[in-house]
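Protein chains in written order, with this note's numbering: chain A, 2 to 116; chain B, 3 to 117.
Worth double-checking, as some hints may not be accurate.
Once the Cα atoms are required to be at most 27 angstroms apart in a straight line, the calculated DSSO-like pairs of lysine-lysine come out as [unchecked claim]: (1) A:K108 - A:K69; (2) B:K59 - A:K108; (3) A:K78 - A:K111; (4) B:K11 - A:K111; (5) B:K85 - B:K11; (6) B:K59 - B:K85; (7) B:K11 - A:K108; (8) B:K85 - A:K108; (9) A:K78 - A:K61; (10) B:K59 - B:K73; (11) A:K108 - A:K57; (12) A:K108 - A:K53.
It should be emphasised that the hints constitute simulated quantities derived from the structure, not laboratory data.
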Amino acid sequence: GNSVTQMEGPVTLSEEAFLTINCTYTATGYPSLFWYVQYPGEGLQLLLKATKADDKGSNKGFEATYRKETTSFHLEKGSVQVSDSAVYFCALGAYSGAGSYQLTFGKGTKLSVIP
Amino acid sequence: DGGITQSPKYLFRKEGQNVTLSCEQNLNHDAMYWYRQDPGQGLRLIYYSQIVNDFQKGDIAEGYSVSREKKESFPLTVTSAQKNPTAFYLCASRDLGARRTDTQYFGPGTRLTVL
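Let's have the full structure, built from the sequences with the hints guiding it.
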């Protein structure tokens, strides 16, 4: 079956530091890949996505590139801010055997940015 | 503003009682989903529906039930058969129509605590 593995947290960084959160996946076919962000006590918000190999998703200074050869979709940001403190989820979207489209999530990585 | 609403934000129930969580969307999306989130875990799919009056079990449907009588509403009932119901519950929806997308949009969640 499909699966997503992302680096365990928590991750603590100083403001303006470089961020990388690793995400690798296992899937048959050609899945879409997503990063969602969850702020404390809230639902998930789509941060960025990529739908095919070599696509780069970007939003709010965050980037991730769909690497089929390494089955990875690592999240990066050049300079984090305190407001980026949240839990980040990597997810894979694909059609199941029953023909329905479903998301498979990683366990999430908690990021804390300190001033 | 279009979006997904879940109510209430916090819910407390005694063990052995059934409880129903509300999910409403005004995005005109066909597909709706219920997920459960536990601390340090990713999201797990409980039920989903792609059309009115039809729904399918997800990975952890036991102890839960749903209905889809209207396109905009997808309530989830946590029954007394659910052995460990305390969790954060998230509802999501996706457009299958003319603006079909692989992206799921999430509500703010309901935190259920069973005492």
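These are the hints, each one checked on the structure:
A threshold of 27 angstroms between alpha carbons decides the hint, and for A:K108 with A:K69 the separation of about 21 angstroms falls inside it, so the pair holds. For the hint pairing B:K59 with A:K108, the CA-to-CA distance comes to about 21 angstroms; that is within 27 angstroms, so the pair holds. A distance of roughly 15 angstroms separates the Cα atoms of A:K78 and A:K111; the hinted pair therefore holds under the 27 angstroms criterion. As the CA atoms of B:K11 and A:K111 are separated by approximately 22 angstroms, the hinted pair is consistent with the 27 angstroms bound.
About 22 angstroms separates the Cα atoms of B:K85 and B:K11, which keeps this hinted pair within 27 angstroms; it holds. Among the hinted pairs, B:K59 with B:K85 is consistent with the structure: their alpha-carbon atoms are about 17 angstroms apart, no more than 27 angstroms. For the suggested pair B:K11 and A:K108, the alpha carbons sit about 23 angstroms apart, so the restraint of at most 27 angstroms is met. Distance check on the hinted pair: B:K85 and A:K108 sit about 22 angstroms apart at the alpha-carbon level, within 27 angstroms; holds.
For the hint linking A:K78 to A:K61, the alpha-carbon distance of about 9 angstroms falls within 27 angstroms, and the restraint holds. A C-alpha spacing of about 18 angstroms is found between B:K59 and B:K73, which places the hinted pair at or below 27 angstroms, so the restraint holds. A hinted pair counts as satisfied when its Cα atoms are at most 27 angstroms apart, and A:K108 with A:K57 qualifies at roughly 22 angstroms. Taken as a hint, the A:K108 and A:K53 pair is honoured in the structure, with Cα atoms around 23 angstroms apart against an allowance of 27 angstroms.
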